[in-house]
Amino acid sequence: MSHPSLSEHRMQPYFAMKANRDPAICHMLHQLGCGFNCESTEDVRLDLQLGCNPTKITYTKRYKARDYLHFARENQVSLLSFDTVSELDDIEKYYPEAKFATANLRFRDFRFGLGGYSHISWSID
107 MSHPSLSEHR MQPYFAMKAN RDPAICHMLH QLGCGFNCES TEDVRLDLQL
157 GCNPTKITYT KRYKARDYLH FARENQVSLL SFDTVSELDD IEKYYPEAKF
207 ATANLRFRDF RFGLGGYSHI SWSID
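Under our numbering, residue 231 is the last one in the sequence shown; the count climbs by one each step, no gaps.
You may find that some hints are simply not true.
Unchecked claim - EDC-like cross-link-like pairs, simulated, lysine to aspartate or glutamate; straight-line CA separation at most 16 angstroms:
| # | residue 1 | residue 2 |
| --- | --- | --- |
| 1 | K199 | D173 |
| 2 | K205 | D189 |
| 3 | K167 | D196 |
| 4 | K162 | D189 |
| 5 | K167 | E148 |
| 6 | K205 | E180 |
| 7 | K167 | D189 |
| 8 | K167 | D128 |
| 9 | K124 | E145 |
| 10 | K162 | D196 |
| 11 | K162 | E145 |
To be verified - Between beta-carbon pairs, the in silico distance windows are:
| # | residue 1 | residue 2 | range |
| --- | --- | --- | --- |
| 12 | Q182 | Q137 | 28 to 34 angstroms |
| 13 | N126 | R168 | 17 to 23 angstroms |
| 14 | A125 | H176 | 32 to 38 angstroms |
| 15 | R127 | P202 | 29 to 35 angstroms |
| 16 | L138 | Y169 | 19 to 25 angstroms |
| 17 | T190 | A130 | 33 to 39 angstroms |
Rather than coming from a laboratory, the hints here were simulated on the basis of the structure. Bear in mind that the values here come from a model prediction, so they are computed numbers and not experimental data. Quick reminder that beta carbons are idealized off the backbone N, C-alpha and C, glycines included.
All chains should be modelled from the sequences, with the hints used to inform the complete structure.
This is the structure we're talking about:
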């Protein structure tokens, strides 16, 4: 069951799990076609238990250690955010097929200016 207004648009809403982790509310939002913005493995697990498609989950935990990246990869949660260049390096190393939902960077790292990440395409809307 998807809400009619969601199917009429190309927009995909994402609910921030930190706002309310109540399983009944999350289940209702999932039934309406909503995606989920998760900051913890517990949030991701709850969404997966509710039957949420992993492609509708963004994993936005600040700095994801290797075990978090392995968890995301094992569960096919491929929409990630990153906040630092070292986190981008870890994602590239441990989950190269990941996609990026958001990038929250301060461009102080010289590697960006020298083409150290020339294989990554950037777009700003």
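Hint check results:
Restraint check for K199 and D173: the C-alpha separation of about 13 angstroms stays at or below 16 angstroms, so the hint holds. This hinted pair checks out: K205 and D189 have alpha carbons roughly 14 angstroms apart, not beyond 16 angstroms. Proximity of K167 to D196 is assessed by CA-CA distance (about 14 angstroms); at most 16 angstroms being required, the pair is judged to hold. For the proposed pair K162 and D189, the alpha carbon gap of about 21 angstroms is over 16 angstroms, so the pair is violated.
For the given pair, K167 sits about 11 angstroms from E148 by alpha-carbon distance, which is consistent with the 16 angstroms threshold. Of the supplied pair hints, the one linking K205 and E180 holds, its CA atoms being roughly 15 angstroms apart against a limit of 16 angstroms. With a CA separation close to 9 angstroms, the supplied pair K167 and D189 stays within the 16 angstroms bound. Between K167 and D128, the direct Cα distance comes to roughly 19 angstroms. Violation of the 16 angstroms bound is thereby established for this hinted pair.
Taking the CA atoms of K124 and E145, the gap is about 7 angstroms. The hint holds against a cut of 16 angstroms. A hinted pair counts as satisfied when its Cα atoms are at most 16 angstroms apart, and K162 with D196 does not qualify at roughly 22 angstroms. Between the alpha carbons of K162 and E145 the distance comes to roughly 14 angstroms, so the proposed pair stays at or under 16 angstroms and holds. A hinted range of 28 to 34 angstroms is violated for the C-beta pair Q182 and Q137, which are about 21 angstroms apart.
Between N126 and R168 the C-beta distance comes to about 20 angstroms, which sits within the given range of 17 to 23 angstroms. Judged by the Cβ atoms, the range 32 to 38 angstroms given for A125 and H176 is violated: they are separated by roughly 27 angstroms. In this structure the hint that R127 and P202 lie 29 to 35 angstroms apart at CB holds, the actual value being about 30 angstroms. With their beta carbons about 31 angstroms apart, L138 and Y169 fall outside the hinted range of 19 to 25 angstroms.
Taking 33 to 39 angstroms as the suggested C-beta distance range, the pair T190 and A130 conforms, at roughly 36 angstroms.
Hint compliance for this structure: hints 4, 8, 10, 12, 14 and 16 are broken, all remaining hints hold.
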